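Chemist: Given these sequences and hints, build the entire structure.
Protein chains in written order, with our numbering: chain P, 1 to 406; chain E, 1001 to 1252.
Since the hints were made in silico from the structure, they are not lab data.
Bear in mind the structure is a predicted one, so any value in this text is a computation, not a measurement.
Every residue, glycine too, gets a C-beta built ideally from N, C-alpha and C.
Careful, some of the hints might be misleading.
Unchecked claim - Pairwise CB distance ranges, derived in the manner of DEER restraints: (1) E/GLU1144 <-> P/GLU76: 42 to 52 Å; (2) P/PRO83 <-> E/PRO1095: 35 to 45 Å; (3) P/ILE79 <-> E/SER1136: 51 to 61 Å; (4) P/THR139 <-> E/ALA1014: 54 to 64 Å; (5) P/GLU165 <-> E/ARG1135: 37 to 47 Å; (6) P/GLN62 <-> E/SER1136: 23 to 33 Å; (7) E/PRO1095 <-> P/GLY113: 36 to 46 Å; (8) P/ASP30 <-> E/GLU1069: 51 to 61 Å; (9) P/GLU386 <-> E/ALA1014: 39 to 49 Å; (10) E/ARG1111 <-> P/ARG27: 55 to 65 Å; (11) P/GLU59 <-> E/PRO1095: 26 to 36 Å.
As the list claims (entries may be wrong) - Take a look, some chain P residues computed to stay more than 10 Å from chain E by CB distance: (12) THR13; (13) ASP30; (14) GLU59; (15) GLU76; (16) ASP179; (17) HIS358.
As the list claims (entries may be wrong) - Some chain P residues close to chain E (C-beta under 8 Å, calculated; not the full set): (18) ASP356; (19) GLU357; (20) PHE360; (21) TYR361; (22) LYS363; (23) SER364.
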Amino acid sequence: MASPAWADEARETARATLADLPALTGREEDWRFTRPRDLMLEGPEPEAPGAVGDVDVPEAGQRAVRLHLADGAPSEPAITELPDGVVVGELGSALAEHEPLVRDRLLKLVGAGDKPGALNAALWSGGTFVYVPAGVDATLPTETVTTATGAAGRVATRTLVVVEEGARATVVDRYLSPDLPGRVHASTAVELFVAPNAELEHLAIVDWGAGVHHQMVLRAQVDRDARARSVVVTLGGDVVRVEPTMQIVGAGADARALGLFFAGGQQHFEHRVVSRHEAPNAYSNLLYKGALQDQARTVFYGNLIVPPGSPGTDAYQTNRNLVLNEGARADTIPFLEIETAEVKCSHAGAVGRVDDEHLFYLKSRGVPEAEAKRLIVLGFLQEVLEHVRLEELRHELEAAVERKLT
Amino acid sequence: MAEPILKIHDLQVAVDDTPILRGLDLEIPQGEVHALMGPNGSGKSTLAYAIAGHPRYDITGGTIEFEGEDVTEMEPDERAALGLFLAMQYPVEVPGVSVMNFLRASLTAVRGEEVKPREFIKEFDEASELLKFDRSFADRYLNEGFSGGEKKRHEIMQMALLKPKFAVLDETDSGLDVDALKVVSEGVNSLRGPGLGVLIITHYTRILRYIQPDVVHVMIDGKVAQTGGPELAEQLEERGYAEFGPAEAATA
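Modeler: Set out below in structure tokens:
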């Protein structure tokens, strides 16, 4: 089915915006840490490094739906079981098939107003659409695996999730590739609409092989008394920049942005995490923990924004980093912008090393140093995994982190 | 007399460049339980950490031999793999590392081969039962949120599981109520035998009523000042460390 005219127009507008916006130089405050050119946000389309064969997609646990976007190309979802009224489909097909549900929401949270947004809006080729009607429980996860094979130089995808009033959903986006012989640029936009009293858990698992440069923008709009959780697990890719924002628009909402990362070799990860309290009496918690080794570089920037008129805000922000050797470097920039009185906000950022006493304790029980460090790092990251609500997913994530650490 | 399991000769140890042990000699035959008593600041815990190989305790002279092998320069994990165990005075809390994962890694390392899950659970349960732990402890994080007594019992539980040839119990009795002290002592007593040497480091004689030592040493100012039988502990109980000279006056 051809895409509707409004969707084509949106693409055209985004293309024009992309061309019109001034080039990012890297001197902008938001781009101090990750060079824009490393993410290929403009200029000629990147060339494909050449396909290296099939991607090994590890066997995951039970899923309601699986969707595989190879190099971002659309494909049919494999549906195991879905409650009545729940829609899970490829986003391109949904433009026409579910036009009334998609039209008012697509590009509304992650639009084409800046370079990364315009790039994705202009170029996205495939994506995921999840719609859960009011009162329906869709907590059995829907999972999309986006892969890069090296056959395309750019992989641009989007996710749009709508959880209506009182409904519940779990959505997983996983990003995978083998080690590639050259660069592939991945661009992702994730839009999450969480209606009053609804509940959503979204997991983004970034587990690329070597060669992938990835820019992801995620925004959740969390309405009255809703509970939204974004979990970002960043393990793979050469350069990865993830920007999750929890936008609270209804009183009493509970929004959590959780993340963990493990960087090694020459990997460069930047996480820019924001919660915006645009309604009173809401709770938010940003918790990111990371470990890094070799010559890896990581940056955490966090911001709690409380505009005027949001009394009763209860907001927390924590980032802790474990640096395993000299030569690896972590920066942490926890920020607050508070313009309402009568709020409870805290923020903390820390960069530390493995505690010698922890190491001695484990070694004194026979555990060799490398294995002891591995256990300590897993333990350090465990605090984030504990927040993952579905136990099965939690164990899968533990296993993914363990694989990376071996 | 059995061959010594531990033989310490002229040991000198400094912490942050301050000498603490000043030429300590100690020999413990395999299968015997020795007590090391002394006033605060005499260097008892320094000896415990030096035996286990803590990097902050700098061995500036002398040797530590374990089963005839010089272990003075060895890493702590290498010493543990040989069969050396230290029950710590202040067991460390390690966030996020579950008791189960830790002990499996530990047992695997000490045995030098993978321990089958079923076999591990069996041994884990036996050791837990001996020290009165229930299964739920397996999922808790290492020492995190443990009471003082639980931490100490957990040290001995690890000893029961790892079955070392030699164990140093560093003030295992401190901070224990009578019930916990009994559990810990029964645990240690049940492990006693010709294949286990023990060094009990303590300030008080209380634990020695539950775990009868074969030999008692008194440590003063970084050296062994006197060695005797169990009756020496009784004397110390009555008279304190005063007769051992002025070092005591400063630390009493």
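Chemist: So, for every hint listed, does it hold in this structure?
Modeler: Hint check:
1. E/GLU1144 <-> P/GLU76: 42 to 52 Å: With Cβ atoms ~48 Å apart, the hint holds.
2. P/PRO83 <-> E/PRO1095: 35 to 45 Å: holds (39 Å)
3. P/ILE79 <-> E/SER1136: 51 to 61 Å: violated (39 Å)
4. P/THR139 <-> E/ALA1014: 54 to 64 Å: Holds: the Cβ-Cβ distance is about 60 Å, inside 54 to 64 Å.
5. P/GLU165 <-> E/ARG1135: 37 to 47 Å: Since P/GLU165 and E/ARG1135 have Cβ atoms about 42 Å apart, the given range 37 to 47 Å holds.
6. P/GLN62 <-> E/SER1136: 23 to 33 Å: holds (27 Å)
7. E/PRO1095 <-> P/GLY113: 36 to 46 Å: holds (41 Å)
8. P/ASP30 <-> E/GLU1069: 51 to 61 Å: This hint holds: roughly 60 Å between Cβ atoms.
9. P/GLU386 <-> E/ALA1014: 39 to 49 Å: holds (42 Å)
10. E/ARG1111 <-> P/ARG27: 55 to 65 Å: Between E/ARG1111 and P/ARG27, where Cβ atoms are some 58 Å apart, the hint holds.
11. P/GLU59 <-> E/PRO1095: 26 to 36 Å: Once the Cβ atoms are compared, 30 Å apart, the range 26 to 36 Å for E/PRO1095 and P/GLU59 holds.
12. THR13: holds (47 Å)
13. ASP30: holds (32 Å)
14. GLU59: Non-interface label on P/GLU59 holds, nearest chain E Cβ at 21 Å vs cutoff 10 Å.
15. GLU76: Check passes; 40 Å lies beyond 10 Å.
16. ASP179: For P/ASP179, whose nearest Cβ neighbour in chain E is about 29 Å away, the distance exceeds 10 Å, so it holds.
17. HIS358: At roughly 5 Å from the nearest Cβ of chain E, P/HIS358 sits no farther out than 10 Å, so the non-interface label is violated.
18. ASP356: holds (7 Å)
19. GLU357: With Cβ-Cβ at 5 Å, under 8 Å, it holds.
20. PHE360: holds (5 Å)
21. TYR361: holds (4 Å)
22. LYS363: Interface hint status for P/LYS363: holds (4 Å vs cutoff 8 Å).
23. SER364: Since the shortest Cβ distance to chain E is 5 Å, the answer is holds.
Violated hints, listed in ascending order, are 3, 17; each of the other numbered hints is respected by the structure.
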